[in-house]
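Student: Chain by chain, the residues:
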Amino acid sequence: MIPASGNEDERLKALDAVMAGHHYSGHALIEVLHAAQKEWGYLTSGLMRHIARKLRLPPSRVLGVATFYHLFRFTSPAPHEAVVCMGTACYVQGAANLLDSARRACARNGWAVTTGRCVGSCGLAPVAVCDGAAMSRATPAALSAEMERKYDAANPGPRARG
Amino acid sequence: MSVHTLEIDGRMVTALEGETILAAAEDAGIFIPKLCAVEGLSAPGACRLCMVEIAGQNKLRAACLTRAAEGMVVRTETSALREQRKLLVELLLAEGNHVCSVCVVNGYCELQSLAAALDVDHVRFTPRYPARTIDLSHERFGLDHNRCILCTRCVRACDEIEGAHTLDVAGRGRTARIITDLAEPWGHSESCTGCGKCVRTCPTGALFLKNKPAAEMKKDSGFIRQIIAARREKIWI
Amino acid sequence: MTPQILARAREAEQDRQSRLRDRILCCTVAGCLSSGAGAVRRSLEQEVERQGLGGAVEIAGTGCMGLCGDGPLIRSSKRDLIYSKVAPGHAPAVIAGAHPAMTADHPFYKGQRRLVLANSGRADPERIRDYIAAGGYEALLQAVTRMTPDEIISVIRRSGLRGRGGAGYPAGLKWELVARQKSPVKYVVCNADEGDPGAFMNRSVLEGDPHRVLEGMVIAGRAVGAQQGFIYARGESPLAIERLQTAIGQARNERLCGERIFDTSFNFRIDLRIGAGAYVCGEETALIASIEGGRGQPRPRPPYPPESGLWGAPTLINNVETFANVPAIVANGAEWFSKIGAPASPGTKIFALAGRVARTGLVEVPVGTSLQTIIEDIGGGVPEGYEFKAAQTGGPAGGCIPASALGVPMDYDSLPAIGTMMGSGGLIVMDSSTCMVDIARFFMEFCMEESCGKCVPCRAGTVQMHSILERITRGEGDPRDIARLMELADLLQNTSACGLGIAAPNPVISTLRYFREEYESHIHARRCPAARCRMHGEAAA
Ligand SMILES: Cc1cc2nc3c(=O)[nH]c(=O)nc-3n(C[C@H](O)[C@H](O)[C@H](O)COP(=O)(O)O)c2cc1C
Ligand code: SF4
Ligand code: SF4
Ligand code: FES
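From first to last, the protein sequence lines stand for chains V, C and G. Residue numbers are given in the working numbering: position 127 of the first sequence equals residue 127, and the series is strictly consecutive. Residue numbers are given in the working numbering: position 149 of the second sequence equals residue 149, and the series is strictly consecutive. Residue numbers are given in the working numbering: position 482 of the third sequence equals residue 482, and the series is strictly consecutive.
Think of the hints as simulated: they come from the structure by calculation, not from any bench. Misleading hints may appear alongside valid ones.
Stretch by stretch, here's where chain G covers chain C in the computed footprint (C-beta under 8 Å, at least three residues) [to be verified]: (1) 84-91; (2) 98-112; (3) 122-129; (4) 163-174; (5) 188-195.
A few chain V residues that face chain G, going by a derived Cβ cut-off under 10 Å, partial list only [said to hold, decoys possible]: (6) Phe74; (7) Leu124; (8) Pro140.
Under the rule of at most 20 Å between Cα atoms (straight-line distance), these lysine to aspartate or glutamate pairs were calculated in the EDC-like manner [as the list claims (entries may be wrong)]: (9) C:Lys59 <-> G:Asp22; (10) V:Lys38 <-> G:Asp15; (11) C:Lys59 <-> G:Glu242.
Quantities reported herein were computed from a predicted structural model and do not represent experimental measurements. A virtual CB, placed ideally from N, CA and C, is assigned to each residue, including glycine.
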């Protein structure tokens with residue numbers, strides 16, 4: 001999620017503080033990437049170039065490391081995000097159907113649908129997380145309804161349905 | 001420096017302390033199949049073609065990573081090892097887009113020669129036909145991802161010998177690919193010195209000289225050994 | 001912190017708690033939070049305030065009480081009762097003790113032995129005083145002031161504790177290996193990267209009792225001669241990270257880690273490193289590469305981490321649950337521990353019980369407890385109307401256990417003998433609606449996506465195995481496919497560079513071993529016996 005406040009300078013300052021805290025060591029690359037993503041919401045080429053320079057690392061190394069890990073993203077996040085857990089327990093209890101229906105629903109209302117690996121609630125499978133709020137024993141109908149509801153709450157007023 | 005004596009494929013072979021089975025075998029003229037190891041570069045143990053049997057060990061060992069030891073009995077050619085190597089080569093052929101007839105290094109490709117040596121006449125796996133690109137932005141070099149087998153020889157030559165670290169691997173698993181700088185066109189790279197070490201070490205036609213006939217594309221990683229000897233021991237071989 | 005202060009702090013907190021009329025502990029771990037534990041806690045707090053019970057009844061958070069499927073769970077300390085499925089509206093009844101409750105002889109708890117989870121449900125993970133009141137940091141005091149490093153290692157070795165990260169390597173041997181290295185710099189690393197899809201044991205321990213893990217690590221640091229520890233936590237577990245940060249800060253303030261621990265010359269600093277979503281980083285050499293700031297690709301072994309690990313220094317790597325066992329072993333002695341569980345693998349193991357079983361959640365049982373006991377007695381069996389088909393253990397590196405092998409003792413030696421493994425403790429019960437070919441495909445997809453991509457057999461082999469399995473589940477299988485799968489399985493096992501590739505074929509091998517007829521039905525009859533796979537040409541369900 002892109003933080004609502006904070007201008008570019010402040011963000012850079014925050015990032016610099018993290019790098020300084022690690023003495024600008026290349027070993028801290030992953031911590032620094034985490035910090036950058038926290039400030040900006042995603043990693044741009046400009047940011048990675050800046051980090052490479054400050055940590056004195058080759059740019060290809062910075063991108064190589066960033067793209068190795070699933071949690072780093074390189075495009076701006078969608079306004080709403082639903083994560084369907086694809087852990088074994090959730091899969092066995094029908095997460096695939098949940099994912100299908102969420103994908104169908106998201107075509108209508110601007111959600112990004114992704115999959116996760118075990119959110120730690122296997123006892124309540126299948127689980128989906130809508131904008132950070134976990135739904136346990138989710139059904140396809142309940143999940144799409146929740147996505148609609150959250151969308152409507154965030155976008156008051158009439159809208160065209162496609 | 002102490003010397004070990006070991007047996008490789010029935011022959012007695014000597015190895016210097018710290019030398020790998022692969023190097024000791026090569027010194028004795030026994031060539032174990034390999035695609036990622038290059039003398040003078042670090043060994044990632046990536047291609048797994050050099051796996052050999054060692055008497056008394058129940059697991060196979062990568063010859064490029066395993067140090068030769070006194071009294072070791074090594075077998076580098078058994079029917080099981082050969083079958084495994086065939087499968088590995090077939091996996092590589094199915095993974096990329098390898099069309100030898102139109103390749104710039106046709107006749108000089110290490111993957112192609114290995115396939116021939118192992119009698120790979122067809123690929124038992126479904127070809128993946130991945131959608132991959134070609135970067136022709138550099139004035140002298142080309143990078144054709146279709147033919148890359150991710151051996152990382154180029155990455156190591158660029159980092160460990162040239163010191164430029166222009167190249168690296170991005171992504172992981174089946175999405176892994178070679179990048180230059182921040183995955184920008186090679187021609188725009190600020191770090192690339194244009195030394196061409198990567199091109200010379202690449203075992204396939206993935207890295208090539210532009211506008212050169214295939215006959216001039218003969219690759220040879222031996223130059224790395226020479227550079228290392230010159231740097232470390234001040235001898236020019 | 002000095003020995004006297006520790007004793008005083010413990011007595012003061014115990015005394016404070018005993019003077020309360022009741023202390024109501026609300027589960028604050030992932031499972032219960034997702035079923036609304038946050039709102040329940042707030043309503044309890046409001047109710048206490050409304051009734052003016054401020055100084056008499058305390059509402060606090062606590063770790064996992066196990067029965068996640070029936071959450072949110074609440075425990076009354078004074079009455080020693082657990083309330084399940086509590087809703088915000090139940091607050092007055094819970095405070096009055098009028099709400100229906102479970103007792104300790106509930107079948108879910110009867111077969112369990114909670115050592116690692118001892119404080120979960122009893123102490124607040126966000127308060128170091130709670131941990132101290134429960135006897136916490138006593139073992140560290142003993143290890144630092146009254147034992148030599150050799151004595152500590154000897155206790156761990158004699159206890160028979162085996163690594164809980166999957167392979168079951170004897171912890172004492174590993175500690176000894178690291179201790180023996182002559183190096184001024186050594187590291188202790190806690191592997192908290194639990195990435196098995198369907199496992200949340202480590203995460204619950206960290207969320208529910210972080211100090212226990214810290215204490216185990218500091219003791220290990222003293223034993224092997226390290227001054228720096230790292231915890232490598234999953235980036236996907238924000239709550240565990242938060243709790244660890246809090247706990248590390250508290251321990252540092254109390255001088256239980258950091259400099260001059262218990263006023264001795266022993267220093268041991270603990271830092272947190274946060275992963276970024278890569279299962280393979282649970283592999284120890286990949287984890288090291290990741291802490292060093294690189295791509296999480298495994299490195300060739302040997303050298304093994306005890307010889308050359310983080311930045312080339314001798315490094316002790318153990319799992320969260322392994323470290324969490326250490327304080328109790330040091331406090332109670334090796335003999336005490338070695339009598340629990342199975343002789344060859346003493347102690348307890350936590351399992352995350354999920355899937356088609358009446359009671360789901362976290363269970364801790366003596367190692368060697370039979371699978372049947374866990375599923376039938378503790379889990380309440382498969383619900384009526386469903387039929388047990390298989391239990392999956394060991395995650396993507398494990399296998400499926402059929403009904404005929406339900407009697408198997410859950411230990412490090414018996415499970416491999418039937419083609420699966422203990423793994424980190426995921427335990428998923430499947431019924432006849434689960435297609436075994438589809439499960440094999442599911443795990444292969446996981447391994448394919450998590451392969452680091454370095455070595456050919458794993459990077460390209462998982463893609464081919466996955467494509468064959470997908471073809472079979474689409475009803476387009478070829479009679480030669482089973483042989484091809486076995487050939488590839490062999491290749492991956494023999495030639496992969498790390499445990500991920502070596503174990504990736506296990507679910508296929510195990511389902512082929514026990515459920516071959518399901519593969520054959522898909523291939524020859526173009527029929528999925530579980531009616532789960534949509535066969536080519538078949539209309540959508
Ligand atoms: C692919 C792969 C993933 C692993 N994931 C974990 C993990 O999440 N947690 C863990 O403790 N060990 C994991 N391991 C095992 C570790 O490599 C290592 O053996 C373990 O942390 C040692 O701790 P222990 O001796 O206390 O069990 C994994 C191994 C492999 C090959
Ligand atoms: S470009 Fe050539 S040298 Fe580099 S990884 Fe690909 S095949 Fe190997
Ligand atoms: S087995 Fe897989 S995860 Fe392990 S090194 Fe090889 S490619 Fe990477
Ligand atoms: S040459 Fe040994 S693994 Fe490639």
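Student: Closer than 8 Å Cβ to Cβ for three or more residues is the test here. Does the region 84-91 of chain C pass it with chain G?
Tutor: Coverage by chain G holds here, the residue count being 4 at a Cβ distance below 8 Å.
Student: Assess, step by step, whether the Cα of lysine 38 of chain V is no farther than 20 Å from the Cα of aspartate 15 of chain G, and give holds or violated.
Tutor: Outside the cut-off at roughly 43 Å; violated.
Student: Count the residues of the region 188-195 of chain C whose CB lies closer than 8 Å to any CB of chain G, then report whether that count reaches three.
Tutor: violated (count 0)
Student: Interface hint check: phenylalanine 74 of chain V, Cβ to nearest Cβ on chain G, cutoff 10 Å. Holds or violated?
Tutor: Nearest chain G Cβ about 13 Å off; hint violated.
Student: With 10 Å as the cut and Cβ atoms as the points, is leucine 124 of chain V at the interface with chain G?
Tutor: Holds - the Cβ of leucine 124 of chain V comes within 10 Å of chain G, reaching about 6 Å at its closest.
Student: Has the given pair, lysine 59 of chain C with glutamate 242 of chain G, been kept, meaning a C-alpha gap of at most 20 Å?
Tutor: violated, 42 Å
Student: Interface hint check: proline 140 of chain V, Cβ to nearest Cβ on chain G, cutoff 10 Å. Holds or violated?
Tutor: violated, 13 Å
Student: Do three or more residues of the region 98-112 of chain C come closer than 8 Å to chain G, measuring C-beta to C-beta?
Tutor: violated (count 0)
Student: Go check the region 122-129 of chain C versus chain G for me, would you? Three or more residues, Cβ under 8 Å, otherwise it fails.
Tutor: It holds, with 4 qualifying residues against the three required.
Student: Mind checking, does the region 163-174 of chain C have 3 or more residues with a CB under 8 Å from chain G?
Tutor: holds (count 5)
Student: Straight-line Cα separation of lysine 59 of chain C and aspartate 22 of chain G no greater than 20 Å?
Tutor: The hint is violated at about 60 Å.
Violated hints, in rising order: 2, 5, 6, 8, 9, 10 and 11; the structure is consistent with all others.
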